[in-house]
Amino acid sequence: MEVGLNNTHKFLSKIATNDGHGENSPYFDGWKAYDTNPYHPLTNPSGVIQMGLAENQLCFDLIHEWLMNHPEASICTPQGGFDFKEIALFQDYHGLPEFRAAIANFMSRVRGSRVKFDPDRIVMSGGATGAHETVAFCLANRGEAFLVPTPYYPGFDRDLKWRTGVELIPVVCESSNNFKVTLEALEDAYDKAKESNIKVKGLLITNPSNPLGTFFDKETLKTLVGFINEKNIHLVCDEIYAGTVTNGNKFVSIAEILEEVPTICDHNLIHIVYSLSKDMGFPGFRVGIIYSYNDTVVSISRKMSSFGLVSTQTQHMIASMLSQNDFVDNFIHESRTRLAHRHDMITRELAEVGIGSLESNAGLFFWMDLRRFLKEPTFEAEMTFWRIIINEIKLNVSPGSSFHCNEPGWFRVCFANMDDATVMVAIERIKSFVHETRMLEIKTKALAKTKKQCWQNNLTLKLSSRRLEEIMSPHSPLNSPMLRAQN
Amino acid sequence: MLSEKVTCNSHGQDSSYFLGWEEYEKNPYDEFKNPNGIIQMGLAENQLSFDLLQSWLEKNPQAMAFKNYNNQSIFKDLALFQDYHGLPAFKNALVKFMSEIRGGSVSFNPNNLVLTAGATSANETLMFCLANPGDAFLLPTPYYPGFDRDLKWRTGAEIVPIHCSSLNGFRITKSALEDAYKQAEKQNLKVKGVLVTNPSNPLGTSLSLHELDLLVNFISSRNIHLVSDEIYSGTVFSSPSFISIMEVLKNKNLMNTEIAKRVHIVYSLSKDLGLPGFRIGAIYSNDERVVSAATKMSSFGLVSSQTQHLLSEILSDQNFTKTYLSENRRRLKERHEMLVSGLKKSGIGCLPSNSGLFCWVDMRHLLSSNTFEGEMELWKMIVYQVGLNISPGSSCHCSEPGWFRVCFANMSEETLDLAMQRVKSFVELMPKQNNQSCHQKLMNRNSRRTKSLPKWVFELSFHQQEIVANER
Chain D
105 MEVGLNNTHK FLSKIATNDG HGENSPYFDG WKAYDTNPYH PLTNPSGVIQ MGLAENQLCF
165 DLIHEWLMNH PEASICTPQG GFDFKEIALF QDYHGLPEFR AAIANFMSRV RGSRVKFDPD
225 RIVMSGGATG AHETVAFCLA NRGEAFLVPT PYYPGFDRDL KWRTGVELIP VVCESSNNFK
285 VTLEALEDAY DKAKESNIKV KGLLITNPSN PLGTFFDKET LKTLVGFINE KNIHLVCDEI
345 YAGTVTNGNK FVSIAEILEE VPTICDHNLI HIVYSLSKDM GFPGFRVGII YSYNDTVVSI
405 SRKMSSFGLV STQTQHMIAS MLSQNDFVDN FIHESRTRLA HRHDMITREL AEVGIGSLES
465 NAGLFFWMDL RRFLKEPTFE AEMTFWRIII NEIKLNVSPG SSFHCNEPGW FRVCFANMDD
525 ATVMVAIERI KSFVHETRML EIKTKALAKT KKQCWQNNLT LKLSSRRLEE IMSPHSPLNS
585 PMLRAQN
Chain U
967 MLSEKVTCNS HGQDSSYFLG WEEYEKNPYD EFKNPNGIIQ MGLAENQLSF DLLQSWLEKN
1027 PQAMAFKNYN NQSIFKDLAL FQDYHGLPAF KNALVKFMSE IRGGSVSFNP NNLVLTAGAT
1087 SANETLMFCL ANPGDAFLLP TPYYPGFDRD LKWRTGAEIV PIHCSSLNGF RITKSALEDA
1147 YKQAEKQNLK VKGVLVTNPS NPLGTSLSLH ELDLLVNFIS SRNIHLVSDE IYSGTVFSSP
1207 SFISIMEVLK NKNLMNTEIA KRVHIVYSLS KDLGLPGFRI GAIYSNDERV VSAATKMSSF
1267 GLVSSQTQHL LSEILSDQNF TKTYLSENRR RLKERHEMLV SGLKKSGIGC LPSNSGLFCW
1327 VDMRHLLSSN TFEGEMELWK MIVYQVGLNI SPGSSCHCSE PGWFRVCFAN MSEETLDLAM
1387 QRVKSFVELM PKQNNQSCHQ KLMNRNSRRT KSLPKWVFEL SFHQQEIVAN ER
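Listed in order, the protein sequences are those of chains D and U.
Quick note: my numbering has the first sequence finishing at residue 591, numbered continuously throughout.
Quick note: my numbering has the second sequence finishing at residue 1438, numbered continuously throughout.
The set of hints was computed from the structure by calculation and includes no laboratory data.
Predicted, not measured: the structure shown is a model, and the values here were computed from it.
For every residue, glycine included, the Cβ atom is placed at its ideal position computed from N, Cα and C.
Among the hints, erroneous ones may be present.
Claimed, not checked - Far from chain D, some chain U residues (derived; all Cβ distances over 10 Å): (1) Glu997; (2) Leu1180; (3) Phe1392.
Stated by the list, open to error - Rough simulated footprint, nothing fancy, chain D against chain U, three-plus residues with beta-carbon under 8 Å: (4) 1030 to 1037; (5) 1044 to 1051; (6) 1264 to 1277.
Okay, chain D solo, but in the shape it has when bound:
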């Protein structure tokens, strides 16, 4: 006998039955479009190209070569085989000492060795996803909040809020000053929280930023530190993209601020989240790191890490790989070079057809400015246009509203998860679209003129009239996720 939906929902928890996982949002339409029709140069050349996935696929050749030369890194090779039992049994949540040392070493070298990290502060987690949730559990109770500058990575809505019951309050950043985080915006957000009787426990920044692809300059970082110190709230710095900064020497980590000006704040307020998913391109290995300057947080998050430890098989391999400084330095350098090249190529080509983007020098994506393509500066128009990009241009890019951007017309475009040829195909598609749109505009103006004069004429355009309608006069019903997102 079928039990009614309501009844069944009573059997499960609220968390299991709410939308806190974030996957019911309309933005998954882009993924679905890609999944059902994925591009392939030979078997499906007119499929959807995936440009919504921030993956770093540019340097696997270097890793592959290293692995072939270091079979002992795999505990299961004859050379590494004798380690198998010890590694397989090791479930100490402190992690293999050599793993922690290698991670601390890598983190330091990514920052040009300008700072050192203490291996005893390295805490494992199930990817950065697990790290963020754990940090939220440590720093905030149900109903308390974190401030987050917009636009921000959509996964934070799940990672920080879903099972923890913690709230996120946006710190609104605007294109007029290149989306920089201002003290005014911080104070604004903090005050709004206070008015709503929500206790703010911390500020979460992603540096370099996802989706902007920019990183914080030293002065802004110091301002942020001053702000959190004055309010006595935590600062969580997600530095997951630290290794993707094209000019590595310019990047300033929060660790460097603390080292340069140790008295700038109470160090117990500072926590870093890191992962190997972006810098190394290893999302499958689930190597997340919490690095806190607060001893209690280190201790408790380490106990919580039992819920998401890194497989010792992976710890062992990473320990071997990242303790080799020649390899590490070369990898970091080469990765930066290739990312810079890919970034420059795509942004330059698009600029040629009048498509601009936020000036950026980090990340695996760029923040594309398509405001002028919107019929009107609304989120409905953004969604409408986004559907055109997916269904007609056949590119899965991510609309700014999914990142809680306060201004419609911005899109995040990933460029490091494909080969050169695919990038060229994507560029060509965009160029064609821009060209066609221009033609369409010209013809439409002409049509409007003609209609005025000869309204009885039955002119039809060869191009999709549906597209015409959608660009020139959106009629789709209000799609309110964007309105909700603004709250």
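Got chain D sorted already, so can you dock chain U onto it with the hints?
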């Protein structure tokens, strides 16, 4: 400044279970380097069959080298694979393995399986899916101390004990179930389900058909869930043979009913294969909503793709799995007998058991008083005097003092032999008629030493007193 979760101690690590580990860490036995050190008998690890795994690895180099059978590198694909649905080849192999453990009596659908970072993560995730903060699960005592952390800490769920007694071999009874339910109601806790470990940790026994029937009837009449943690299912080394809850549902023709949707299994490769470091756990549920929610939650603790790949290769080799399962069982049985007979020579009995990596040992006759204080006193002597880290029953929430969990599969035969000799010497110092004064003598002799014990040892007595007060 920090959350309540940080400042409470629901992580459970102030419990004697973990503190015994700490003492072992400070003074670990080593045959050559530290022959008087503490022997670790509080760790439920399976170290008996690594040679079998190692020899498989030597014979199957491609599994080791990130290569497929066509000798092409699969490193990149694995490095990028973060799909929370898991590697299909691995899930297919894992469900077959689970079925094989159950003698083929049930089969599992890989689409109903959710991979998690160890059973620790699986149990917590299931709680997040089934219980709201303040809701309760009923657990038969004694139970694995880690549940206090896994089920309660971050979820806000509560545990209400189903008291089991030595009078009937710690079996679950109908009245115990009902008493627990009533107790929860008295505390204004909404009961969302029952969680059992089958085979049981720490008892080392598998649930009888009668108990399983009771459980199914109970959850059916109360409209609640049943979680069966079957992490030790592959360690059943003697009769009665293991009966999985799924088998019971099948035999009662309940497989496609609402009741079946409320039965969930937790599994892991940490005990059966002895791979706790690899963090391979799983949730199996017949309720697609639970599967769906748990799958999304698994993002917080996925299994490393390289580990999934390696295990898919190992478990797909059914010649290997068949040999491994039977040989592993044989070795466990042998080792179990060694412990039981060794203890018997010292006049110490165990609960008759057929599974697990430990025995539930009856030391009630060695207590100076039939209290948890007496148990703690005896435990301290065993840790410091005898040099064995074993787990006191109170850390497992046993309602009767005097029981201890003693592990046997995490050491060599020689070490186990030595442990038995130490026990014999210790017991010989304690003539039956004169327990009281002998305890006193031992305590006095070591009073200098006890004075230098860390504070927590004395704080424990107070804590145990609290347990006694709450549970009686």
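With a C-beta cutoff of 8 Å, work out whether three or more residues of the segment 1044 to 1051 of chain U approach chain D closely enough for the coverage to hold. n = 5 at 8 Å, threshold three: holds.
Beyond 10 Å from every chain D Cβ: check whether that's true for phenylalanine 1392 of chain U. Answer for phenylalanine 1392 of chain U: holds, closest chain D Cβ roughly 29 Å.
Leucine 1180 of chain U remote from chain D - nearest C-beta pair above 10 Å: 21 Å, holds
At 10 Å, judged by beta carbons, does glutamate 997 of chain U keep clear of chain D as stated? Since the minimum Cβ distance to chain D is about 17 Å, glutamate 997 of chain U lies beyond 10 Å and the statement holds.
Verdict on chain D covering the segment 1264 to 1277 of chain U, criterion of 3 CB contacts below 8 Å: Three-residue rule met by the segment 1264 to 1277 of chain U, so holds; n is 10.
Outcome, coverage hint (the segment 1030 to 1037 of chain U, chain D; C-beta under 8 Å; three residues): holds (count 3)
Violated hints: none; the structure is consistent with every hint.
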